[in-house]
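S.K.: Please build the complex by placing chain B on the supplied structure of chain A, with the hints as guidance.
Number of protein chains: 2
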Amino acid sequence: MKDFVFCTPTEVVFGKNAESKIASRIQKYGGTKVLLHYGGRSAEQSGLLPQIREHLAQHNLPFIELGGVVPNPRLSLVREGIDLCRREGIDFILAVGGGSVIDSAKAIAFGTRYPNDVWELFDGKGKVTECLPLGTVLTIPAAGSEMSDGCVITNEEGWLKRGYSTNLARCRFAIMNPERTFTLPAYQTACGVTDIMMHTMERYFSLEDDMTVTDAIAEAILRTVMEAAPIVLNNPNDYRWRAQIMWAGSLAHNDLTGCGTVGDWATHHLEHELSAMFDVAHGAGLAALWGSWARYVMSVRVSRFVRFAVNVMGVENDFTDPEGTALRGIERMEAFYRSIGMPTSIPELIGRPATEEEILTLADKCCRQDTHTEGNFKVLYRKEMEAVYRLANK
Amino acid sequence: MKDFVFCTPTEVVFGKNAESKIASRIQKYGGTKVLLHYGGRSAEQSGLLPQIREHLAQHNLPFIELGGVVPNPRLSLVREGIDLCRREGIDFILAVGGGSVIDSAKAIAFGTRYPNDVWELFDGKGKVTECLPLGTVLTIPAAGSEMSDGCVITNEEGWLKRGYSTNLARCRFAIMNPERTFTLPAYQTACGVTDIMMHTMERYFSLEDDMTVTDAIAEAILRTVMEAAPIVLNNPNDYRWRAQIMWAGSLAHNDLTGCGTVGDWATHHLEHELSAMFDVAHGAGLAALWGSWARYVMSVRVSRFVRFAVNVMGVENDFTDPEGTALRGIERMEAFYRSIGMPTSIPELIGRPATEEEILTLADKCCRQDTHTEGNFKVLYRKEMEAVYRLANK
Numbered sequence: 027m028k029d030f031v032f033c034t035p036t037e038v039v040f041g042k043n044a045e046s047k048i049a050s051r052i053q054k055y056g057g058t059k060v061l062l063h064y065g066g067r068s069a070e071q072s073g074l075l076p077q078i079r080e081h082l083a084q085h086n087l088p089f090i091e092l093g094g095v096v097p098n099p100r101l102s103l104v105r106e107g108i109d110l111c112r113r114e115g116i117d118f119i120l121a122v123g124g125g126s127v128i129d130s131a132k133a134i135a136f137g138t139r140y141p142n143d144v145w146e147l148f149d150g151k152g153k154v155t156e157c158l159p160l161g162t163v164l165t166i167p168a169a170g171s172e173m174s175d176g177c178v179i180t181n182e183e184g185w186l187k188r189g190y191s192t193n194l195a196r197c198r199f200a201i202m203n204p205e206r207t208f209t210l211p212a213y214q215t216a217c218g219v220t221d222i223m224m225h226t227m228e229r230y231f232s233l234e235d236d237m238t239v240t241d242a243i244a245e246a247i248l249r250t251v252m253e254a255a256p257i258v259l260n261n262p263n264d265y266r267w268r269a270q271i272m273w274a275g276s277l278a279h280n281d282l283t284g285c286g287t288v289g290d291w292a293t294h295h296l297e298h299e300l301s302a303m304f305d306v307a308h309g310a311g312l313a314a315l316w317g318s319w320a321r322y323v324m325s326v327r328v329s330r331f332v333r334f335a336v337n338v339m340g341v342e343n344d345f346t347d348p349e350g351t352a353l354r355g356i357e358r359m360e361a362f363y364r365s366i367g368m369p370t371s372i373p374e375l376i377g378r379p380a381t382e383e384e385i386l387t388l389a390d391k392c393c394r395q396d397t398h399t400e401g402n403f404k405v406l407y408r409k410e411m412e413a414v415y416r417l418a419n420k
Numbered sequence: 027m028k029d030f031v032f033c034t035p036t037e038v039v040f041g042k043n044a045e046s047k048i049a050s051r052i053q054k055y056g057g058t059k060v061l062l063h064y065g066g067r068s069a070e071q072s073g074l075l076p077q078i079r080e081h082l083a084q085h086n087l088p089f090i091e092l093g094g095v096v097p098n099p100r101l102s103l104v105r106e107g108i109d110l111c112r113r114e115g116i117d118f119i120l121a122v123g124g125g126s127v128i129d130s131a132k133a134i135a136f137g138t139r140y141p142n143d144v145w146e147l148f149d150g151k152g153k154v155t156e157c158l159p160l161g162t163v164l165t166i167p168a169a170g171s172e173m174s175d176g177c178v179i180t181n182e183e184g185w186l187k188r189g190y191s192t193n194l195a196r197c198r199f200a201i202m203n204p205e206r207t208f209t210l211p212a213y214q215t216a217c218g219v220t221d222i223m224m225h226t227m228e229r230y231f232s233l234e235d236d237m238t239v240t241d242a243i244a245e246a247i248l249r250t251v252m253e254a255a256p257i258v259l260n261n262p263n264d265y266r267w268r269a270q271i272m273w274a275g276s277l278a279h280n281d282l283t284g285c286g287t288v289g290d291w292a293t294h295h296l297e298h299e300l301s302a303m304f305d306v307a308h309g310a311g312l313a314a315l316w317g318s319w320a321r322y323v324m325s326v327r328v329s330r331f332v333r334f335a336v337n338v339m340g341v342e343n344d345f346t347d348p349e350g351t352a353l354r355g356i357e358r359m360e361a362f363y364r365s366i367g368m369p370t371s372i373p374e375l376i377g378r379p380a381t382e383e384e385i386l387t388l389a390d391k392c393c394r395q396d397t398h399t400e401g402n403f404k405v406l407y408r409k410e411m412e413a414v415y416r417l418a419n420k
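First to last, the protein sequences are chains A and B. Residues in the first sequence are numbered consecutively from 27, following the working numbering. Residues in the second sequence are numbered consecutively from 27, following the working numbering.
Bound conformation, chain A alone (with noise of 0.2 Å):
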């Protein structure tokens, strides 16, 4: 068992016209100018935006605003988020939207603030020391940015995907109303429950496998997300059931669910190569490499994937054969992968099979730089992601 520090501060106001709460939370934290910062149409569609428009201005708080962030959120956009509040003056940042929303805003939140250019952050060569404060009104759970410490953006320049974490960028508040998940489509609702459910099992592999009131908990969400996701396909306007995938994501990267666990984040790593590559969404990636990589590493220890099987899968332990659990365990993942319409393979992902080439860029560019590896559960080097990628590429 890993020591560990846990400290999730921000504030979820979550229910039915959770909204009417955005201007006093933005108050209560500090704003008074704010950048109201989001993607495209959807927002604006469904009435969200000219909403909070309304609520801000009924509040007396004046606003800027800075639209068009798209799936895997760009740093160009993000520069001109930060030159923005600089010129302005803007005091807080909220970010209506899902993941790529809240990201950007966070890296738009620190960088406004960074002397440098906000890509060094990313690129290792710097350190956050003072933050805007931001706050979200979320529609898509998935990434669960919206609790979480990091932030993942992607540069244009060479189609590099990086990650930055500090606690200075959490949302001080985060206002969730399952209804506004009502018209996601089937595609996205299951790229959301897939990454809820890898962020859960990107803490859940780990080789501190004895910190059992965080297993339990992390095998509850699993579950639960599970039971939920054919039911709000099925049905998309089910409160019931949407409230839980909302409060699950939230939950599956707010660090409760590795608390006392080392994280593996092999997949996701593997995968943001992938989705900066061929700009896929990123749960699909994660669905489709997640089986190859648990097959690579599941010798390591396959007690591990034993537990899943069981107590996540539902698969009867054959106790006299743990190997033949554990497969079955990742078979079963699989199969229910796709049968909320997600891919399991690279060909299934982008329409074909990756190239040659293309594999070896996405294993070269996966290397971490500092240390040439991936994960913890079973450490990849650079010849076994070439592997993994080869595996999922069938």
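If you are wondering where the hints come from, they were derived from the structure by calculation, not from laboratory data. On a predicted model such as this, the values are computed, not experimentally measured, just so you know. There could be a bad hint or two in this list.
[To be verified] With the C-beta cut set under 7 Å, the calculated list includes, among others, these residues of chain B facing chain A:
1. Ile243
2. Ala274
3. Trp291
[To be verified] Calculated lysine to any residue pairs in the SDA-like style (CA-CA distance at most 20 Å, straight line):
4. A:Lys47 x B:Lys54
5. B:Lys54 x A:Lys42
6. B:Lys54 x A:Leu194
7. B:Lys28 x A:Tyr265
8. A:Lys54 x A:Phe89
9. A:Lys42 x B:Val31
10. B:Lys54 x A:Asn193
11. A:Lys151 x A:Arg394
12. B:Lys54 x A:Arg198
[Unchecked claim] Partner residues are not named here, just some residues of chain A that face chain B (Cβ under 10 Å, in silico):
13. Val31
14. Phe32
15. Val39
16. Phe40
17. Lys47
18. Arg67
19. Glu70
20. Ser102
21. Leu103
22. Pro141
23. Ala246
24. Val251
25. Ala269
26. Trp273
Backbone N, C-alpha and C define an ideal beta-carbon position, used for all residues, glycine too.
M.R.: Showing chain B alone in chain A's frame:
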């Protein structure tokens, strides 16, 4: 499902040698002159207090001491602490101990900044608007006060036990080293386990029973704690399982297990009068009452007790007999309490049946002055409180 606000800003530093972080955390949260607040001999004898004194001195943090907190912490000591803090210009309170010490520290913290007598607040006649910051070094996992917003104080005049809750009094940090709990006596360990379980169950038995992810987490915590209890009673120095209990104790009462539900809390309030009158351990009082409460209210929603029986107590679901399944869950819970040395009736708790006069006094005192009721799963009026006490008195 009930809308909810989740806000748990306490920074938890968990693990071996967590105590080395005390001074840095006090300074991080603005403390320059500390009230060191604690109970009696155990923290002294274990070497913890001497270690903390040396640590604070090494970090040039001046401190004043106030020991002597007893279980069911007393108003008189709180008043003494308030005078001391005002006189000495204390700006941070460090509570070293369990729930009683932390509760006493919280009352001192907001009492110091409250212009009138602090008991007004517990009497429902005032509201906290300011509070000294406080932190804790937890030695007894039970009350969950290290992450909760509440505290319970006993007024020796009339032996009234009353609670007050405010987010302002949440600990800024909680230092949690499971090794510090190795020396807890078996009885106190069992009382703590009971309190932890009851914090979870008071929220679990809710008519708002559609928040599946919260239920699943609550069940995970309950099962883990029940697994851990006999292990640590058998081997008090088992770090792994002491850690499960310690962390579960915080999660059980930091609101996580109540997201979307409406807590009942009748058992807690019925018990507060019991421990105020007989000065028994809170956890033991809870165990003595819970089965009687459960039988008394079960029929309101049998399905909830069936879920508890099956998912927590491992009872085989007899689908033809929900009441029977539910009852077996209650019986198995009581059997567990007995197995860890806890009483399951008032006579077992105090060594004799309560007298008729005592029963009437308990029910009189328990009646909330505003609504004359307790509980939510089933609202109990005075006569019904009496009935639960009577049922537990057999």
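S.K.: Does each hint fit the structure? Answer for all of them.
M.R.: Verification of the supplied hints:
1. Given hint, isoleucine 243 of chain B at the interface with chain A, holds; its Cβ is 5 Å from that chain's nearest Cβ, closer than 7 Å.
2. This hint holds: alanine 274 of chain B has a C-beta 5 Å from the nearest C-beta of chain A, less than the 7 Å allowed.
3. A distance limit of 7 Å between C-beta atoms decides the matter here; for tryptophan 291 of chain B the minimum to chain A is near 21 Å, and the interface restraint is violated.
4. This hinted pair does not check out: lysine 47 of chain A and lysine 54 of chain B have alpha carbons roughly 30 Å apart, beyond 20 Å.
5. Restraint check for lysine 54 of chain B and lysine 42 of chain A: the C-alpha separation of about 36 Å exceeds 20 Å, so the hint is violated.
6. For a cut-off of 20 Å, the pair hint linking lysine 54 of chain B to leucine 194 of chain A stands: about 14 Å separates their Cα positions.
7. Note on lysine 28 of chain B and tyrosine 265 of chain A: the hinted pairing holds, with a Cα-Cα distance of about 12 Å set against a maximum of 20 Å.
8. Our distance criterion of 20 Å between C-alpha atoms is met by lysine 54 of chain A and phenylalanine 89 of chain A, whose separation comes to about 16 Å.
9. A distance of roughly 12 Å separates the Cα atoms of lysine 42 of chain A and valine 31 of chain B; the hinted pair therefore holds under the 20 Å criterion.
10. The hinted pair formed by lysine 54 of chain B and asparagine 193 of chain A meets the criterion: a straight-line CA distance of about 14 Å does not exceed 20 Å.
11. For the given pair, lysine 151 of chain A sits about 14 Å from arginine 394 of chain A by alpha-carbon distance, which is consistent with the 20 Å threshold.
12. Taking the CA atoms of lysine 54 of chain B and arginine 198 of chain A, the gap is about 18 Å. The hint holds against a cut of 20 Å.
13. Interface hint status for valine 31 of chain A: upheld, as the beta-carbon distance to the closest one in chain B is roughly 5 Å, under 10 Å.
14. Because the closest C-beta pair between phenylalanine 32 of chain A and chain B is about 4 Å apart, less than 10 Å, the hint holds.
15. Of the supplied interface hints, the one on valine 39 of chain A holds, with its beta-carbon coming within about 5 Å of a beta-carbon of chain B, less than 10 Å.
16. Proximity of phenylalanine 40 of chain A to chain B holds as hinted, the smallest CB-CB distance being about 5 Å (cut-off 10 Å).
17. Given hint, lysine 47 of chain A at the interface with chain B, holds; its Cβ is 9 Å from that chain's nearest Cβ, closer than 10 Å.
18. Hint status for arginine 67 of chain A: violated, given a least beta-carbon distance of 28 Å to chain B, over 10 Å.
19. Against a cut-off of 10 Å between C-beta atoms, the interface hint on glutamate 70 of chain A is violated, since the closest Cβ of chain B lies about 26 Å away.
20. Below 10 Å, beta-carbon pairs count as interface contacts, and serine 102 of chain A has none with chain B, the closest being about 35 Å; its hint is therefore violated.
21. Violation of the interface hint for leucine 103 of chain A is found here, the shortest Cβ-Cβ separation to chain B being roughly 31 Å, above the 10 Å cut-off.
22. Given hint, proline 141 of chain A at the interface with chain B, is violated; its Cβ is 24 Å from that chain's nearest Cβ, farther than 10 Å.
23. Among the interface hints, the one on alanine 246 of chain A holds; its C-beta lies about 4 Å from the nearest C-beta in chain B, closer than the 10 Å criterion.
24. Interface restraint check for valine 251 of chain A: the shortest CB-CB distance to chain B comes to about 8 Å, inside 10 Å, so the restraint holds.
25. Interface hint at alanine 269 of chain A: satisfied, since its Cβ lies 6 Å from the closest Cβ of chain B, which is below the 10 Å cut-off.
26. Checking tryptophan 273 of chain A against chain B: minimum C-beta separation of about 6 Å stays under 10 Å; hint holds.
Consistency note: the structure conflicts with the earlier hints numbered 3, 4, 5, 18, 19, 20, 21 and 22.
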